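Residue numbers (my numbering), protein chains in the order written: chain A, 25 to 467; chain B, 25 to 467; chain C, 25 to 467; chain D, 25 to 138; chain E, 25 to 138; chain F, 25 to 138.
Please keep in mind that the hints were generated in silico from the structure rather than gathered at the bench. All of these numbers come straight from a predicted model, not from anything done at the bench. Even for Gly, the Cβ is constructed at its ideal location relative to N, Cα and C. Don't take each hint at face value.
Unchecked claim - Distance ranges between label pairs, derived from CB positions:
id, chain 1, residue 1, chain 2, residue 2, range
1, D, Lys131, E, Glu76, 30 to 36 Å
2, D, Lys133, E, Ile110, 16 to 22 Å
3, E, Thr128, A, Glu442, 17 to 23 Å
4, E, Glu130, D, Glu91, 33 to 39 Å
5, F, Thr107, E, Gln103, 34 to 40 Å
6, A, Ile320, F, Thr107, 36 to 42 Å
7, C, Glu441, D, Glu91, 38 to 44 Å
8, C, Leu117, A, Pro145, 44 to 50 Å
9, C, Gly142, A, Glu402, 55 to 61 Å
10, A, Gly140, C, Trp133, 42 to 48 Å
11, A, Ile320, F, Gly132, 44 to 50 Å
Claimed, not checked - Using 35 Å as the maximum straight-line C-alpha spacing, the simulated DSBU-like pairs for lysine-lysine come out as follows:
id, chain 1, residue 1, chain 2, residue 2
12, F, Lys109, E, Lys47
13, B, Lys322, E, Lys109
14, D, Lys26, F, Lys131
15, F, Lys109, A, Lys258
16, E, Lys47, F, Lys133
17, F, Lys131, E, Lys131
18, D, Lys133, F, Lys131
19, F, Lys47, A, Lys258
20, B, Lys374, B, Lys432
21, D, Lys26, F, Lys81
22, E, Lys47, F, Lys26
23, F, Lys26, D, Lys26
24, A, Lys432, F, Lys109
25, C, Lys374, E, Lys109
26, C, Lys323, F, Lys131
27, F, Lys81, E, Lys131
28, D, Lys47, F, Lys47
29, D, Lys109, E, Lys109
30, C, Lys432, B, Lys323
31, F, Lys81, C, Lys323
32, F, Lys109, E, Lys26
33, A, Lys374, A, Lys251
34, E, Lys131, E, Lys26
35, F, Lys47, A, Lys251
36, C, Lys251, C, Lys374
37, E, Lys133, D, Lys133
38, F, Lys26, C, Lys322
39, D, Lys26, F, Lys133
40, E, Lys133, F, Lys131
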Amino acid sequence: MRKSVTLTVAFLCILAVFGLPVVSLADEAAAVTGADATFVANNTWMLVATFLVFLMHLGFASLEAGMTRAKNTVNILFKNTAIISIGILTYALVGFNLMYPCEFSLGQWFGFAGFGIGAGPEDMIIAEDGVGVYTYWTDFIFQAMFAATAATIVSGAVAERIKLHSFLLVTTLYVAFVYPWLGSWQWGEGWLDQMGFYDFAGSTLVHSVGGWAALAGVILLGPRLGKYVNGSIKPIMGHSMPLATIGVFLLWLGWFGFNGGSVLSADPVEVSFVFVTTAIAAASGVLGAMVLSWFIQKKPDLTMALNGALAGLVGITAGADVVSVTSAVIIGVIAGFLVVVSVIGLDRAKLDDPVGAISVHLTCGIWGTLAVGIFGGEEFSFITQLIGVVAYGVVAFVAALAIFGLVKATIGIRVSEEEELSGLDLGEHGMEAYSGFEIYTTQ
Amino acid sequence: MRKSVTLTVAFLCILAVFGLPVVSLADEAAAVTGADATFVANNTWMLVATFLVFLMHLGFASLEAGMTRAKNTVNILFKNTAIISIGILTYALVGFNLMYPCEFSLGQWFGFAGFGIGAGPEDMIIAEDGVGVYTYWTDFIFQAMFAATAATIVSGAVAERIKLHSFLLVTTLYVAFVYPWLGSWQWGEGWLDQMGFYDFAGSTLVHSVGGWAALAGVILLGPRLGKYVNGSIKPIMGHSMPLATIGVFLLWLGWFGFNGGSVLSADPVEVSFVFVTTAIAAASGVLGAMVLSWFIQKKPDLTMALNGALAGLVGITAGADVVSVTSAVIIGVIAGFLVVVSVIGLDRAKLDDPVGAISVHLTCGIWGTLAVGIFGGEEFSFITQLIGVVAYGVVAFVAALAIFGLVKATIGIRVSEEEELSGLDLGEHGMEAYSGFEIYTTQ
Amino acid sequence: MRKSVTLTVAFLCILAVFGLPVVSLADEAAAVTGADATFVANNTWMLVATFLVFLMHLGFASLEAGMTRAKNTVNILFKNTAIISIGILTYALVGFNLMYPCEFSLGQWFGFAGFGIGAGPEDMIIAEDGVGVYTYWTDFIFQAMFAATAATIVSGAVAERIKLHSFLLVTTLYVAFVYPWLGSWQWGEGWLDQMGFYDFAGSTLVHSVGGWAALAGVILLGPRLGKYVNGSIKPIMGHSMPLATIGVFLLWLGWFGFNGGSVLSADPVEVSFVFVTTAIAAASGVLGAMVLSWFIQKKPDLTMALNGALAGLVGITAGADVVSVTSAVIIGVIAGFLVVVSVIGLDRAKLDDPVGAISVHLTCGIWGTLAVGIFGGEEFSFITQLIGVVAYGVVAFVAALAIFGLVKATIGIRVSEEEELSGLDLGEHGMEAYSGFEIYTTQ
Amino acid sequence: MKLIVAYIQPERLNAVKQALYEKEIFRLSVMNALGCGQQKGYHESYRGSDIEVNLLKKVRLEVAINEEYLESTIDAIIQGARTGKIGDGKIFVLDLADCVRIRTGEKGKEAIGG
Amino acid sequence: MKLIVAYIQPERLNAVKQALYEKEIFRLSVMNALGCGQQKGYHESYRGSDIEVNLLKKVRLEVAINEEYLESTIDAIIQGARTGKIGDGKIFVLDLADCVRIRTGEKGKEAIGG
Amino acid sequence: MKLIVAYIQPERLNAVKQALYEKEIFRLSVMNALGCGQQKGYHESYRGSDIEVNLLKKVRLEVAINEEYLESTIDAIIQGARTGKIGDGKIFVLDLADCVRIRTGEKGKEAIGG
Ligand SMILES: Nc1ncnc2c1ncn2[C@@H]1O[C@H](COP(=O)(O)OP(=O)(O)O)[C@@H](O)[C@H]1O
Ligand SMILES: Nc1ncnc2c1ncn2[C@@H]1O[C@H](COP(=O)(O)OP(=O)(O)O)[C@@H](O)[C@H]1O
Ligand SMILES: Nc1ncnc2c1ncn2[C@@H]1O[C@H](COP(=O)(O)OP(=O)(O)O)[C@@H](O)[C@H]1O
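Given these sequences and hints, build the entire structure.
Below you can see the structure in the form of structure tokens.
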């Protein structure tokens, strides 16, 4: 808040942007260079991107709550509130320094720069070619907001049947160690980066890494009671389409920060181009999913259109800055197709993912990463992209299986049948999400 | 995400803004001018405005869903998800080049610069007086977010009875052709611009153009079943006031980008002044609608207060940068009055607009445009404003009637009575918005 | 919207930020200094912060609605819509000039610079050391968004039983006069500022000032019917946990503007550091509240975790720029503990605060202010902080008691028992929030 | 005295109320119900799978009346609810042993009506 | 055995439960209902038009009891629900042919109570 | 003819429907209810205070049948609903004086079934 702005010395600097005569009397003012000012603008944009990515957590919470049953809503909301808290704190404690170790201690495979944050350059400014792009603090907080995303992706897939404390334990381990360690291979300038692998904002590093853990969780947990009965699929409808829609729009909004911030400066042409490809791919994803689901299911399915938007967004994330607008359309439409096919296919395979997290984040994350090799131009190699996808896939999946498996073997991961039937809100929290509303809890 | 920031060369540029000594050793950094930096800041603001306008689509979706019945919620949400997708894609394909043709081919009435986007200046920078204001991409995406708005306005007015595919068809045609063509008359530097007509951010170009189509749709569709029975009005209550309220607050928020971004740069005085008039007019709109509805209806009506905020916002949109703060109060209060009178009046005239879209966007859009002629100062002529209002009104209304009429005559626009009674969610989508909730569907 | 951008003269200014050769031919462009550009960036950030604080009002509306019963939802939403309107308008009329009087007329205790706004410096630019930090208009609108917050805090605490018009009257008086007058003591450079009291973004000036009024209202109103029966506490559950969660995430988001904007410039290091402490304290607040409530209540309580986030945010608000990251963790965790203890304690004391406003804003506001004296370093004195807390406490509480008391004695503040039982939505508004839904109104 | 319980299609409620009013039957109670009868249900579809919905939304009416109104009440309900399509509903008639008006304590025939 | 069906004002439910408890009647079932009786409804208003709400929110109770409790149950309901204002509600008494406790399979009088 | 009213645990509804189907009873109606019986309720907790919930969520079934189906219907409900735990529910049997199919106007035994 305004503390001590002295109006009397305030008129020295007059806005000259649109042709007004410029008078810069103050020496301090004169000493402010264009590079300094660019730094301020860059850093401001990165902070805007940071709060947009933060908002994605509300997006996930809303989407996941809307796509599941009313009796498990408190549980979902609680998990998402806890995740963002755990994500930020563990990233400060170990994650950041594991992901950006500066120096690797094990080839280009592993490094750790120590616990806690604050050990940045003296003036806390990170610059490129002499122009400040953001501060150390901005760097940390932007990355911290990303970190929790991987865990949130898991949350939706394992919803309605996982024990709360087991989930929190898995999440903490995955976000604190696996995500940042794997991230270091690429963004931390590790071996994959050296090899020429490209993943602009994290189709693989964030979304697939989350998606693999989701898949591991779904396999080890098994489907919700009543989902697959006598070989037939009994869909379990989400309880609030408005919540799901709010979730997707907020995620789309957040993605402007997720991708736009991944430019790592406010470079006008780059950031605005990323905005365009991001928006176009999302719109194309809606279109693709809408058309295909209308065709397959005869009626247009809102949840598929919503997943289509996310599919397009995940798909464009790896190459938002290097593919053309036309390619963005193609990537988006195909992602929209893929998510519909994947949702239906996983259901056939009896892998029960209530919100479609695996289809959106894993299937389309892989697609997006490979798409860089197809549409990204000569600099990018499909093979290298494939190597990256496989490397991340193997390690992330095995790590997730190990963690989930260990927790399953010790404290267990699945709530009792009774609790599942009456809902995790009563079982885990002794609370209802919609007190007073009459809700059929027969399903 | 962070790719290769080399910390070691990073300390050359030290923030000098608040009196710290400045050392700019790097040559590259020294070469960055104040104009360059201003360009970065300008473009950043325009992108922020872009995502704010994007968020308005969630605002519309929420508001429209909240103000209609639970049995039509999936349909509303689907329409709004499809509209933003269609809006962005058609605007990329034809809209942008129809609205900003650079050269007109038919007097100052019509021009088209070809299909697709990307044909900007070589460096993609758009500048004024030598200072970059935004990039070509920013220009496109900011405008694209606007385009879909006109269609969304229609969506609310025709809700709860229009066939989904007919609506999508009408929308596509209107957004792809009518809206950008009409827009070119003014913002594309067409005949109305030449004449001195003024519409800062689109009271007429966006809101009235949407409102006229809404009116045409409402006339051709007829009222919802059960709305006007034996000459008396039977109000049909919206199913979720929290959703409606979320919608209006998000719209208000988005308007800071809608109006603030229409400055087309981050010019501090202009943008902040627009923020002030926008906020003041919205607050005054709430006040006006609240007081009048309290007076007329004896009890304060939340939906009227909410519509009042939007009324004030639509009202100030044409002149946010040229009217005084006091005028903003007057414009807002009168808009608040007008929306109440208009909602009640349209109901008397048996024009059934479930969400008040016509009252908010058309009535107050006209008011706002004329208000520039009254409060805007000597440069602006009431007569010219009136000419603009009438010209847009005639053409938009006729075009909308033609499109709606054609679709009505061919594939039909209204769902069957049976479908309307059981709800469009089941009829068009085979889905429920609130699975499990007990809802009276008797109305 | 785009009015007359002449593309032909647009290519003169090429982005040089990342090493491209720079050609600044235009004289106007050359004349733009780094200080000018910094001003643009600063002001842009302040406007972003402004709309974030605006969004907090939606956060409060959602949180308060979610934590109360469905039968009072319209009333809550109406109050919050009215408050932001009243807040902005009264702040323009008297508040701003009461809070920043420039010159005090009564010692350093009271000053008033006259009615209305607009009397800023000629060029409307406010600068520091020759570098523009924001415009007069930005200053006003940022502060105006703050002003209404104090009233919103009260709204939640007195919910479900206060007469609408009485509440609006109290609010208007408190926001127009008490809040800005008290604010002038510190941010207006009054006596407490002179004394060295420090309250960065308003733990005391905003939150406690709101909290004291909430306490006064709760005392004078008495508890809701059925809350305390025969000496035992009967919890009255909120009707929508998704709404409450949306509210808290939006508040957290808004806080990045509330605290980040309170830097009063886009200073990269300062703003980003404030982002970090703010996020860390919120995350720590969640953790603290989660752990303690899990321990006390045996099951993890979502509403406590949500209040924990807000507790951490209120706690860090006074010292976000002067405490270390580690201190932010400690401040947040303790705030999280405090909010749980305070919620339970107030209930024991039969002070019925449906949303926990007093615990969040008053208890943690005091804690945050004192924490500056503990963790803020040598410049800050615990005693001075305590003096500030007490001074604000005494005057705010007495003023609130006086206003509430006067209104109670004249037009009454509490609705009839019958209205309370059937709900304020029917009683005050003749409307339902969830038309069609079957809701048990027996509680 | 009889207690009539009727299940009808939700959208016919207004018509039934109207028909009852015309027969001067002003007292009734209404509940939401799910029903499964001759009408075989319909299909929803969610995320690519088909849902068979065989518990359809119905409205349940209760009307307590004196014997002499029995015929006209049943007629009125039929008149308001019948569309001729499967799913129109059913009327059940129960014997009512007694009836009490809470406000006055009146019992039997007087309590039912006025 | 009798089955008592009562419509009361929602806000009286707690008082009725209390009164029943005092008479040692611990078993009951509760439903939401809309009712139309002597009470003529009230007016809501929405966007400038008046809505006549004549289906008011009520709570429907069902209490199955043995004959000997009939009087005391009715008294308890009246005591808890009566305010003296129109809209207080009605009590309907039906003959109960049989009663079965699902858990044990017990039938008749034993099943109803304990 | 009889009208069977049964209160069961919500999660047993599917099993009961299944059991009824096997006995070829395809017609039934379902409602939400809150119930208070032998089962003593459970505790929720909200903001540090304990809430005793003694009105538990139940599902109320109504099945109208001809006399000859009475035993098999009751058996089917018991079979589907019984878990052996307190709270399994109750079945009430009422005499049904008449039954009308709205669509056709049929009365009595024919109306109830097919
Ligand atoms: N035997 C029955 N027992 C209980 N409810 C019944 C019975 N028969 C019909 N119903 C109720 O009446 C509704 C309409 O029955 P349905 O057989 O579909 O009507 P119709 O015979 O006119 O086609 C059902 O959905 C169910 O709620
Ligand atoms: N004859 C009836 N049949 C069915 N329900 C009735 C009948 N009479 C009253 N009710 C129910 O009882 C409720 C209260 O009736 P009302 O006549 O308003 O009470 P009172 O006689 O005390 O004024 C009604 O809303 C309705 O739900
Ligand atoms: N005498 C009764 N009158 C009305 N409803 C009853 C009665 N007894 C039981 N119920 C209903 O049946 C439900 C189950 O009863 P409960 O006594 O818990 O079952 P059980 O005897 O198997 O333990 C109750 O929640 C209530 O809804």
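Just pull the numbers of the violated hints for me, sorted ascending.
16, 26, 28, 29 and 38
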